[in-house]
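full-length UniProt numbering applies: residue 1 is where the sequence shown begins, and numbers increase by one.
Don't read these hints as lab results, they were simulated from the structure.
None of these values were measured; they are calculated from a predicted model.
One or more hints might be untrue.
Below, a list of computed lysine-lysine pairs in the DSS-like style, where the Cα atoms sit at most 27 angstroms apart [stated by the list, open to error]:
id, residue 1, residue 2
1, 261, 219
2, 118, 108
3, 229, 160
4, 67, 211
5, 108, 229
6, 174, 219
7, 277, 118
8, 277, 114
9, 114, 293
10, 108, 136
11, 114, 133
12, 160, 108
13, 174, 186
14, 293, 277
15, 277, 261
16, 118, 136
17, 205, 219
18, 67, 136
19, 108, 261
20, 205, 293
21, 133, 229
22, 160, 186
23, 133, 179
24, 114, 136
25, 67, 160
26, 261, 67
27, 229, 277
28, 229, 136
29, 160, 114
30, 179, 160
31, 114, 174
32, 219, 160
33, 108, 133
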Amino acid sequence: MASLTQRNSGLVQRRTEASRSAAADKEKSPGEDEHESRRGEEDDDDQGDAKETRLTLMEEVLLLGLKDREGYTSFWNDCISSGLRGCMLIELAIRGRLQLEASGMRRKSLLTRKVICKSDAPTGDMMLDEALKHVKETQPPETVQSWIELLSGETWNPLKLHYQLRNVRERLAKNLVEKGVLTTEKQNFLLFDMTTHPLTNNTIKQRLVRKVQEAVLEKWVNDPQRMDKRVLALLFLAHSSDVLENAFAPLLDDQYDLAMKRVRVLLDLEPEAEAAKSGANELLWAVVAAFTK
Numbered sequence: 001m002a003s004l005t006q007r008n009s010g011l012v013q014r015r016t017e018a019s020r021s022a023a024a025d026k027e028k029s030p031g032e033d034e035h036e037s038r039r040g041e042e043d044d045d046d047q048g049d050a051k052e053t054r055l056t057l058m059e060e061v062l063l064l065g066l067k068d069r070e071g072y073t074s075f076w077n078d079c080i081s082s083g084l085r086g087c088m089l090i091e092l093a094i095r096g097r098l099q100l101e102a103s104g105m106r107r108k109s110l111l112t113r114k115v116i117c118k119s120d121a122p123t124g125d126m127m128l129d130e131a132l133k134h135v136k137e138t139q140p141p142e143t144v145q146s147w148i149e150l151l152s153g154e155t156w157n158p159l160k161l162h163y164q165l166r167n168v169r170e171r172l173a174k175n176l177v178e179k180g181v182l183t184t185e186k187q188n189f190l191l192f193d194m195t196t197h198p199l200t201n202n203t204i205k206q207r208l209v210r211k212v213q214e215a216v217l218e219k220w221v222n223d224p225q226r227m228d229k230r231v232l233a234l235l236f237l238a239h240s241s242d243v244l245e246n247a248f249a250p251l252l253d254d255q256y257d258l259a260m261k262r263v264r265v266l267l268d269l270e271p272e273a274e275a276a277k278s279g280a281n282e283l284l285w286a287v288v289a290a291f292t293k
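Taking the hints into account, I'd like the entire structure generated from these sequences.
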């Protein structure tokens, strides 16, 4: 989240620009104003904070799963691979690139509705653009569950293996290296050498951990529709990727118990009912349903 100073600065800049173009604005039609407003909202989703390091959902989940000093995820974690693919779908949905097909008169369930491309505009992230390209070019469309399996390479159909996004964790780690969050090292594990990515910027990691903790403690609102969609998705996907415990480990016993109790409240929600509410992101809840069904 941008600081109050940054937001005020942005407001001052926008007001200045608005005053300079007041005459031009008067000549715009209502349709043009509405178009500008929608485009501004999309720009906000894509750009985020200009002065703070912004992480994608995939990068946040990976960062929660990485051991700070060792620089790799647990060898026993077999959930994070599919979890990261779920993050990609939600990230693309939040950015306005993907959506679910209309439910129709028969009110099809979230897991039977197909994922369709809403916009093919580049996101600036190579993996997101790669996933978006697959979704756009695939006919007939696939469901959320199918896309998670296809992007993970968990398919028995050899003709669909080309959908798999390879080396996702390594590519995400390199993104975090470029953003100054991690560094790159080589470690010897007796029989082989492995590239690792230890934490180098603890401030960003602690900010992420604090955001997760506050979402279910100080900033808990007991209503998913009032929660920030990114934070809500992060809680669900971190749990599905088996890395949420890492964020709660520093908490005191009573705080930990309360945090886990509130996470359980979220996990017990009915995705179909939540997706039907006004303002809900249907694809987000479809991904939740795929992991919690």
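Verification of the supplied hints:
no.	hint	verdict
1	261 - 219	15 angstroms, holds
2	118 - 108	19 angstroms, holds
3	229 - 160	31 angstroms, violated
4	67 - 211	18 angstroms, holds
5	108 - 229	23 angstroms, holds
6	174 - 219	32 angstroms, violated
7	277 - 118	21 angstroms, holds
8	277 - 114	19 angstroms, holds
9	114 - 293	17 angstroms, holds
10	108 - 136	22 angstroms, holds
11	114 - 133	15 angstroms, holds
12	160 - 108	25 angstroms, holds
13	174 - 186	14 angstroms, holds
14	293 - 277	19 angstroms, holds
15	277 - 261	24 angstroms, holds
16	118 - 136	9 angstroms, holds
17	205 - 219	19 angstroms, holds
18	67 - 136	36 angstroms, violated
19	108 - 261	31 angstroms, violated
20	205 - 293	31 angstroms, violated
21	133 - 229	24 angstroms, holds
22	160 - 186	34 angstroms, violated
23	133 - 179	25 angstroms, holds
24	114 - 136	12 angstroms, holds
25	67 - 160	33 angstroms, violated
26	261 - 67	25 angstroms, holds
27	229 - 277	14 angstroms, holds
28	229 - 136	24 angstroms, holds
29	160 - 114	17 angstroms, holds
30	179 - 160	33 angstroms, violated
31	114 - 174	32 angstroms, violated
32	219 - 160	43 angstroms, violated
33	108 - 133	25 angstroms, holds
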